[in-house]
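Peer 1: Sequence:
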Amino acid sequence: MKVQLYAVCLGKEWEWRLTIHSQTDIQYWFEQYAADAGLVLFEPFISLGQGVRLLERLKGERSFEFETDVGSTLQRFRLIAKECEIPNGNDSDMKMIRYAIWRQGMSPRIPLNATVYAKIVEACSGRSLLIEEFQQLLEAAGIDLHPEDAWLSYLQLGHLNGDLEVGNGLGIVERRDWRKGFRKMWTYRCKRCGSGEKRMFWSDCLHCGQACPYCEECLTMGRSRFCSCLFLGGRRK
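Numbering (my numbering), first residue to last: 7 to 243.
Misleading hints may appear alongside valid ones.
Below, in silico cross-link-like pairs of lysine to any residue (SDA-like), each with a Cα-Cα straight-line distance of 25 Å or less [unchecked claim]:
(1) K197 - E91
(2) K65 - D155
(3) K8 - D155
(4) K197 - R59
(5) K88 - W20
If you're looking for bench data, these hints aren't it; they were derived computationally from the structure.
Quick caveat: nothing in here was measured; it's all calculated off a predicted structure.
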C-alpha cells in the first residue's frame with residue numbers, strides 16, 4: 007500500500023503524520039481547526055513500510071522551518087529520505103496547503119456517513135485485520151461502500167479520531183550486538199502473530215520497489231509484510 011507523508015501545524019507546533027488517504031486528512035484538520043491549521047504534503051507516495059520508517063526518523067529530528075526556509079527544509083527532507091533508503095528520495099517535493107485555498111474548493115468534499123462510520127468501527131473492534139480480511143468483514147457485516155475506494159477514507163478518519171489504528175504489518179526492533187562492537191542492528195517482528203526474525207523472509211516487492219520482509223507464520227491468514235496495511239480496532243465499549 008502507498009502512503010503520503012505530511013506535516014500539520016495546529017497553532018505554532020508542527021507534527022509529522024502519514025496517511026492512506028490525504029484528502030481525508032486535509033478535510034479533517036480544516037474542519038476541526040479552520041485557519042489555525044496548515045498542512046505541508048510531501049511527494050512522491052511511498053510504501054507503507056517505508057513511510058513508517060521515515061516517519062519515526064522525522065519525529066526524532068529537531069523542528070523544521072516550513073514557512074521561513076522552504077529550500078533547506080526540502081533539502082533536509084530529501085537527505086533523511088535517502089538515509090532511510092527510500093527509493094527516489096532525491097525527487098521528493100513539498101506542497102503547502104492553507105485553509106483559505108481549501109475553502110475555495112481546491113478539492114471536493116468527501117461525503118462520509120456517520121452511521122456507516124460507526125458500523126465500521128464496531129465491526130473492527132478488538133480485531134487485527136489485513137486489507138483482504140477487512141474487505142471480507144465489510145461484506146459479512148452488510149456494509150456496502152460507494153465508491154469502491156471509500157473504505158480508505160473511513161479507515162483514515164477512524165485513525166484520526168483514535169477509533170482505529172492504521173499501521174504496517176511488521177514492526178522494527180532495534181538492538182545492539184556486543185559481538186559486533188555493539189553496532190546498532192534492526193530486526194523485524196510481526197505485529198499480528200508476534201513472530202520474530204526466524205519467521206521473517208524477504209522477497210522483491212512491487213510496492214517498495216526493493217526487497218521487503220514478510221511473516222511466513224501468517225501466510226495462511228494473508229501475507230503480513232513490512233509494507234502491508236494492518237488495521238487494529240479499539241476495544242469494545
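Peer 1: The structure should be examined with respect to each hint, and the outcome stated for every one.
Peer 2: Structure-based check of each hint:
no.: 1; hint: K197 - E91; in the structure: 22 Å, holds
no.: 2; hint: K65 - D155; in the structure: 29 Å, violated
no.: 3; hint: K8 - D155; in the structure: 13 Å, holds
no.: 4; hint: K197 - R59; in the structure: 15 Å, holds
no.: 5; hint: K88 - W20; in the structure: 22 Å, holds
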